[in-house]
Amino acid sequence: MHDFSFAPKSKDARKQQQQTLDDSKQHHQQQQDNQQQQQPAKGTAAMPTVPRSLSDGDNGAKRRVERSASGSKKWKAGGKNSNPESQDSAFVDELGDMGTNGERISDVARPPAKPMDSSKEAFVFQQLDLDSYLDVPLPGMPGPQRGNVQIFRLFGVTKGGNSVLMHVHGFCPFIYTPAPANFTPSMLGEFKMALDKQIKETTSSAKDVPEVVMMVEIVSKESIYGFHATGKRPFLKIYLVQHKFINPARRALEQGTITLSKLGTLSYEVYESNLELNLRFMVETQLVGCNWVEVPAGKYKFRSFSSTPKPVSLAQYELDVAFDAFISHPAEDEWQQIAPLRILSFDIECAGRKGVFPEPDKDPVIQIANMVQVEGESKPFVRNVFTLGTCAPIVGSKVIACKTEIELLESWSAFVRECDPDIVTGYNITNFDLPFLMNRAKHLGARKFPYLGRLRNVQSKLSETKFSSKAYGTRESKVTSMEGRVPLDVLQILQRDYKLRSYTLNSVSAHFLSEQKEDVHHSIITDLQNGNDETRRRLAVYCMKDAYLPLRLLSKLMCVVNYMEMARVTGVPLSYLLSRGQQIKVISQLMRHAGQHDLVIPVHERQGSDEQYEGATVIQPKRGYYDTPIATLDFSSLYPSIMMAHNLCYTTLLSPQERSHLHPDDYIKTPNGDYFVKNKVRKGLLPLILESLLSARKRAKADLKKETDPFRKSVLNGRQLALKISANSVYGFTGATVGKLPCLAISSSVTAFGREMIEATKQHVESRYNVKNGYKHDAVVIYGDTDSVMVKFGLDSLEETMKVAQEAAEYVTSKFIRPINLEFEKVYFPYLLINKKRYAGLFWTRTEKWDKMDCKGLVTVRRDNCPLVVTLINTCLHKLLIERNVEGAIDFAKKTISDLLCNEIDISQLVITKALTKTADEYDGKQAHVELAERMRKRDAGSAPTLGDRVAYVIIRGPKGAPAFEKSEDPIYVLENNIQLDTQYYLHNQLEKPLMSIFEPILGSRAKELLSGEHTRVVVKRASSAGGNDKKSRGSIMSFTRAKATCRSCRALLPAGRTTLCSACEKDIDVHFQRELLKKRQLEDRYARLWAQCQRCQGSVMQDVLCTSKDCPIFYMRKKVQKDLRMQNEVVGKFDDSW
Amino acid sequence: MFEARMAQAALLKKVLEAVKDLVTDANWDCTSAGISLQAMDSSHVSLVSLLMRKDGFDMYRCDRPISLGINIASMTKIMKCANNNDAVTLRAEDEGDTVVFTFESADQEKVSEFEMKLMDIDSEHLGIPEREHTATVKMPASEFHGICRDLSTIGETVQVSVTKEGVQFTASGDTGKGTITLRNNSSVDEESQQVVITMQEELSLSFALRYLNFFTKATALADSVTLSMTADLPLVVEYRIEDTGYIRYFLAPKIDDDDDEDNN
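Chains as they are written, first to last, in full-length UniProt numbering: chain W, 1 to 1139; chain H, 1 to 264.
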C-alpha cells in the first residue's frame, strides 16, 4: 500500500493494537475494530476524558494554564488510585522488563581489574581516543631527555572491559625539506645548530628549551606531486622536540635565514609541516582509529600510587610505553572484534519559565536520566534518574533523589566517573545538555562537578567551534572536553548522515524506530516538578525515555559499529568522524601509503580559488512514458575505476619538461589534455590505495556472506560500507580546491574520461543493436547520466530484454580498459522519464516480480515540499506504475485537490520545512522561513528556531500580491488562531508542477484538466480569529463583524428570525438535521479515536494528554477535529431551537 | 428563477474591477430586494460590501433568495466579452449550478450568451453593523485616488487627521515624509468637486495604504467618496453607485507595532 511517510507507525509489539490512525477510508474499518478490541480490555478509561477536554477550549496556551492551575489536585487524585499499575505508561513496563532493582542495577562500576605481571604477560587493549601533552621525559624512554617533551595518551578498553590509559613516550614530530645540492652529511651538525638558533631567536616560547631541533638526518624521498624521472633524492628529515615548533621551523627554513658556511644562505621548501600531530603519530606507529594495541611482556610498566610517576587518571590500568615498543594490529580477522564498550546516554530536564527557553543562570536542572549499555548487548544495564526532590520509585530503575541542585549535579558527575563510559551519547547533548550542566554548575558553584573526563584533576572545559564543510554546511557547536571519552551525539550523527524533514527526537524516533514519544512542552515541566512524588515520577519516566531513545537509535542504525569501521578503514580517531570533514580521512590514507613509498607531501597554500572544472555528462533525455522495458547499464565504481584504469595520480602527473624525456608510448593524454605516465613506467599511489580499498571491500563482502553471527555481520557490513565511501571520496579530495592537496588535472581528467565513456557506450550500443545487424529493433539510448545509460532495446518481454542487456554490458565492457566494468543491473518497466535527473520507474532485477518503485529527483525526496505533495505524487505513481490504473491516479489527484480547496487536508500535510542556515542579513533575498523565524523570535524568543534548526511553516492567505515570505506562519500559531491557509498557493506553487510533470507524459494536454476541473469548484472559507501576519496592516476586521445566518442547505441569506434553513429548504428539515447530526457524530467519533490514540502513545489511558508534538500528525488532527466539532455542535444546537 | 437586466454592461464591469483585487471567490446573495455581496479579503484585514438594489436594474426578478458562488476572475473574463454599451442579463435557475450572461448590443443586432459554472463556497456571511461616525469626509473620488497613490510611494501607512479646517493625510517612510492637506470647501458649486467635513471631535487614525489602493479601484463608479471614521473602529470608504446602491469598504485601523509586541 502507499506509504504515508509522515504518519507514525507505532506498533507496540506486545499489544499489537497500536495502529496508525489515518485519514484514508481503508484504514477506517480496521481502526474501529481496534477500538472495539481495546475497550473491553481497558474498560471505559479512554472515553470519559473526551467531553471534558472538549470543554477545555482549543487555545493551547490557555489550556495549559488551566491544567497547571488545577494540576496538582488532579495528579494527587491519580496517586491515590487503588491500582497504580494501570496508569503506568508502556515504557514503564518496558523498564520493568529490563530487570528489577535486585540485579546489576546498582552495579555501576567496571568489573575489577585483575592484577597483571608486566614482565610476563603481553598487554592488549582496544584504543578509542588519543591526545598528547607536554611533560618532562620519563627516564629510560627514547627521545629527548631534557626539557618538556611530547607525550601521547591512548585511552581504551581491554577485552575484559577494563579501562586503560597508555602513555606513549619518545615520539618526536618531524618535517622534511629537500637537501640542497652539494649538501653532505658532514653539514648536518651545522644545519641543526643554525636552525635551532634561528627558532630560538624568533620564538619566545622556545628560549628556555634546551634543544628545539632534536635531530636532522638525510633520507631518500620523493615529492608526491608529479612524475620525476630522476626518482628519489636526498631530503633532510628534521625532528623537533615539540609540535608547536613546527611552524617557527618552517618559517625559518622558508624565509632563507639558515646560513651554512659552505653553501651560504638558502631558503628551503618545507614538506609535511601542515599535518596534524595526532595523525602523524598514528601514521608513524601504524595506529588506526579503534584498533587493538598489543604491548609485549616486559616492554611496559604499570603506574601505581607507590611508584613514580603516579597515575593521573581513573583508568584501571595505566601504563608507560615507548613509542616503538608496541604492536598495532590492523583490524583484520581476530582483531576485528570490539571490546565491551560502555555507552552512556543521558538527558536532562530543566524547570524553565513560561515562554522562555531555559537559561543556565536562571533555570534549575531538576532531573538527569541515565542509561548505560555495553555495545553489542540489547539492554542498558544501568538505568537511573537523579531527581531534585523526592520521587516515587520506578520499577526496574533506580531513583536517586537529591535535596539540592548542587548535590544533584555533583552526584551525577560522580556517577559518570564511577560508571566510566567510553562513549557519551544523548540527543543534542553537545549543544544543549552538556553546556547547560557546565554553565549551571559554574553558576551555582558546584566545584566538584566539572570533572567528567578520565583524568584526575583535569577540569572539563566548554568551548565553541565552528565547523564548515562543503558537504555538511556550516554548523556552530560547543565542545565540552572529556578526556578519554568520545562524545557521539545522536543528533549530530543524524544531521550528517540522513536527510530528514525534522530532526526532533520525536520525529526521528518515529522515522527509524516506528515509535512516537510524548512531547511535553517545556512550560509544563515546571508544573510537574512543583507537584508531588507522582508528578515528578511521571517526569522522570519521560526523561528516562529521552535517555533511552538515543541508545535505541544508535543500535538500530548501528552507528557505533559503522563509525568504528570507518575509523579503522580511514585510520582517523573515532572522534574525528563527527568533528571533522571528509578530507582528513583521505589525508590519513594518503599519508600512510605515501610513507610506505617514500613519498613526501608538499604544503599546499590555501588559495580560496573557485576554479571550476567540467563535471559529469548527461545524455539529453528523450522524455516520455515508456511502456516497454528499459534496461539500465551502470559503470560500477566509475571514478575509482577510471583512476585505476588510466593510472591517474599525483605521482604519475607529467609536467611538459618531464614529458619531453619520455617516449610517447610511456604516457597517455587524457581527454582533458593532461598527461600521465602509464602503469609500466610507474604505478600511481592513488590507484594503489583504491585497489587496496576495493579488494578489501570484496573480501569484506565475501566474509559477510559466510558470516552467521549477527553482530559480526553488522561489523562487516559497516566495514564494506566504509570502504566504498572511502574509495569514492578519493576523487573528491583531488578536486577540493580549498583542500590540503588539490590536483585539478586528476579530477578533471576523471570526469572527462567519464563523459567520454558515456558517449562511447551510447555509440557502441546503438551501432550494434539495430535492425541492420539482424536485431528486431533499433536500440535507443534514451537517457544517460554520470555512470549509467538507459537503453530501450525495443523488446516487449522482460526476459529477453535482460538477456540482451546482459550481453550488451559485457560487449561494451570489453571495449574499455580493466577494471572499468559496465554492469547490467536492472530494468525499468514501465518507465516515466520526466527530465534530467528526474524519473520514476518500476525496478526489476528478476523476471518474476518487481523489486521496488524507484523515483529519482522527484518531489518525493525533496524536503522543501509539504508532505501532501509527497503523498500525492507517491500514490499517483504507485497507481500509474504498479497498478497501471491511470484513471485511478487521476481520481486520486482530483480528490486531493478538492479536499485541499475545502480545507479538509490536515495542516500537518501542508507543513514545509527549511533549514535556517544563515541569519536574515546573510540571505540575499527575503525567504519565508527566515522571515518567520524572525517573527517568531519577536513573539517568543525561547521557542523560536535558531541557526541550524529546521523551520516548519505553512503558507497562509495574505493580501493580493503579497510575496510568499510575508505569508509564512508557524503551524501551531495557525491552528490556535484559526488562520486560513492559502490553498491556492498550495495548489499552484506546490502541487501543480510535480503533478503536471508526471501526468503530462501520459495524458498530454488533458493533464491541465486536473487543476481546473469540476472538483475545484467547491471551496470552504473560514473566518479566522486573528489577523494575518502582514505586519504593515496588522489588525483584523473580524472583530468588528457580525455573522449573518445563511441557509445550511442552499447558502441563501436568511432573514432575521431564521437560523438554520431558508423557507424554500425548510420542507426537508428532517433530512438536513439528520445530515448535520451525522456529521457531528462522525466528528465525535473521530475525536475520541484521536484522543485514545494519543493516550496510547503516551502509554497511559488514565492521564490527560500533555503532548504538543509539532511533528505528530495526530496532534494536528486532534486540534483540528476539536475545533470542527465545536463548530458543528453550534450548528446542531441551532437546529434544536428551530425543531 | 433569478433574472436581472442591466442597461449598461459598463457598470457591472466597474463593479468587478472594484472587488477583484480583494476577493477571489464570493457568494452573490440575491433576494427580492436586490443583489448584495459581502466578503473579507483573504488576509481578513478589510471587508467589502456591495449592494445593488432592484431599482437599479431594468428588469429584476427573484422568486426565492439564492446565493451565487462566483469566481471573480472567471466572471471578469466573461464580462470582458461585452461592450460597454451592451445590455446585460444575468439568469440562474433555483436549483441550477450555472449562471447565464446574455449581452445584447445597443442596436439589438448582436446577442451573445455565456454560461458560467458556479462554485459552492462555504463561508460565513459577515456584515458590519451601520453606525454613526465621529467624523466623515466627503471628497472627489479622483482626489482620494491620487492621494493614496502618491503617498504609497513614500510609506506603507497613512495617518488621517481630521480637524475643522481640513483633513490631512500623512505618510512617512525611509525616503522621507509626505503630507497632503485638503481644506473644507463646500462652497464650490459643482457638488462632485466639494470637500465636506462633518465632525464631532478631532481625530487622527492610521491605515494601511496597500488596502486603500485596492479600494480606489472603485473610483470609476462614483464622482465622490465618503470616508467615515471613529476611533478604534474600522474606516468606512463608501462609493455611491448612482441610482443603484453602493460599494463600501471597511478597513481595520492599524495597531501600532509597539503595542502589538507588548500584547504578545
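Hints were generated in silico from the structure; no laboratory data involved.
Note that the Cβ used here is the ideal one computed from N, Cα and C, for glycine as well.
It cannot be assumed that every hint is accurate.
[What the hints assert, rightly or not] Interface residues of chain W toward chain H, partial, derived using beta-carbon atoms under 10 angstroms:
no.	residue
1	A181
2	P185
3	P710
4	F711
5	K713
6	V780
7	I956
8	D982
9	R1017
Now the hints, each set against the structure:
no.	hint	in the structure
1	A181	violated (69 angstroms)
2	P185	violated (75 angstroms)
3	P710	violated (54 angstroms)
4	F711	violated (54 angstroms)
5	K713	violated (55 angstroms)
6	V780	violated (44 angstroms)
7	I956	holds (8 angstroms)
8	D982	holds (7 angstroms)
9	R1017	holds (4 angstroms)
Hints 1, 2, 3, 4, 5 and 6 from the earlier list are contradicted by this structure; the remaining hints agree with it.
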